[in-house]
Amino acid sequence: MARRLARSHRPLLAALAVFLAAGPALADDAGQIKVSKGTVHIERGGQSLPAPVGARVQVADVVVTGADGSVGILFQDASLLSAGPNSVLAIDRFSFDSTTNQGAFDTSLRTGTLAAVSGKIAKQTPDAMKVRTPAAILGVRGTEFAVRTSGPAN
Amino acid sequence: MRAGAAALSVAALLLAGCASPPPPPPPAQAPPRDDLYVLLPSADGKTGAALAVTHAGSEQVLATPYAAARIKQEGRIESGTATPAEVGQVFGDALAALPPRPVSYLLYFVEGKDELTPESRQVVQQIFAEIARRPSPEIVVIGHTDRVGSVAFNDKLSLQRANRMRDELIKLGIPADRIEVAGRGEREPLVPTDDEVPEPRNRRVEISVR
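Protein chains in written order, with our numbering: chain R, 1 to 154; chain Y, 1 to 210.
A few of these clues could be false.
Listed next, the in silico SDA-like pairs over lysine to any residue satisfying Cα-Cα at most 20 Å (straight line) [said to hold, decoys possible]:
| no. | chain 1 | residue 1 | chain 2 | residue 2 |
| --- | --- | --- | --- | --- |
| 1 | Y | 72 | R | 151 |
| 2 | R | 37 | Y | 95 |
| 3 | R | 37 | Y | 96 |
| 4 | R | 123 | Y | 103 |
| 5 | Y | 156 | Y | 201 |
| 6 | R | 123 | Y | 199 |
| 7 | Y | 171 | Y | 105 |
| 8 | R | 123 | Y | 52 |
| 9 | R | 37 | R | 86 |
| 10 | Y | 156 | Y | 181 |
| 11 | Y | 72 | R | 111 |
| 12 | Y | 72 | R | 108 |
| 13 | R | 130 | Y | 181 |
| 14 | R | 123 | Y | 118 |
| 15 | Y | 113 | Y | 199 |
Listed next, the stretches of chain Y that the computed footprint assigns to chain R, with coverage defined by at least 3 CB atoms under 8 Å from CB atoms of chain R [to be verified]:
| no. | segment |
| --- | --- |
| 16 | 54-68 |
| 17 | 122-129 |
| 18 | 145-157 |
Treat the hints as calculated values from the structure; they're not laboratory data.
Keep in mind it's a predicted model, so treat the numbers as computed, not measured.
Note that beta-carbon positions come from the ideal geometry of N, C-alpha and C, so glycine has one too.
Can you build the whole structure from these sequences, using the hints too?
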């Protein structure tokens, strides 16, 4: 009985599996938006996407806030990044092995303000987390810091 | 054109009044750079935090709370400190948007059962309330046992314990697909013991929230 039921529901189960795969722990995700206030969007592949709480952040995304906007992102390695109004933050690289805690994490603040708490990548390997601005490169050895910068690149 | 620029410079000097010396004029067109990089005190109060700021080939290492580097003109990086008031003014909106840090909680169980100890029962509602307050929480619930009983029994018991906690979280309104559950049986004791030794600290469920 149970077996017959399972067989008849196989297409449904397959659909459910696909749905679940799109759920919380998608491997390609670098992080997730946990705070989103005012105007915030994600630029991805030439598109401008909304960035509500719960939205996934991927490598190559550019997170943009408006004059009334701010955004907070939790990354897979437990790093926290947040941006204040009129900010442009690009996720250039994120790789993380949750077994060894090794990885690489590069972001660019093109303009605006950034607050950050480094996570397991920087703890495991000092300077494996980098933040670039138009004027400087930051090597992050831990743990909390803030950056204000303005474009354009020199 | 040149005369106009000279007149503007004179006007700027006049406007600057008696303050001397006058600041150098900013480069035409481009807004003045006013970069600020600050190492903040860490919430856990641990030392060893540092930020290396590299600009135009020179590196400044910020290694104490509120140590700051400023870049106002190309090729020059100034070191100093920022005040908490300045940090609040410049970074207040960004700091307010920092998400809560991931946390984990331990809840303990009565020997051989999937019932919380009286002590854990007293704190469980507060823990669940904290979890429910977090934005878009992702939760991992892992059950454990001590080494009393067979491995197979403990595998089952650890999963029962984890499932009990998951069910409570779902009752709070947390979507089931945001909760991962596992039972590790007696394999991962907090306190290593010989087989068949009762150990209350190992009869636990760990709830990790991010």
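Hints, one by one, checked against the model:
1. Y:72 / R:151: Cα-Cα ~12 Å, so holds.
2. R:37 / Y:95: 13 Å, holds
3. R:37 / Y:96: 10 Å, holds
4. R:123 / Y:103: 17 Å, holds
5. Y:156 / Y:201: 18 Å, holds
6. R:123 / Y:199: 33 Å, violated
7. Y:171 / Y:105: 18 Å, holds
8. R:123 / Y:52: Holds, because 15 Å separates the two Cα atoms, which is no more than 20 Å.
9. R:37 / R:86: Roughly 12 Å separates the two Cα atoms, so the pair holds.
10. Y:156 / Y:181: With Cα atoms ~13 Å apart, residue 156 of chain Y and residue 181 of chain Y stay inside 20 Å; holds.
11. Y:72 / R:111: 15 Å, holds
12. Y:72 / R:108: Holds: residue 72 of chain Y and residue 108 of chain R sit about 19 Å apart, inside 20 Å.
13. R:130 / Y:181: 34 Å, violated
14. R:123 / Y:118: Given pair residue 123 of chain R, residue 118 of chain Y is violated - Cα atoms ~37 Å apart, limit 20 Å.
15. Y:113 / Y:199: 13 Å, holds
16. 54-68: holds (count 3)
17. 122-129: violated (count 0)
18. 145-157: violated (count 0)
Hint check: violations occur at hints 6, 13, 14, 17, 18; the rest are consistent with the structure.
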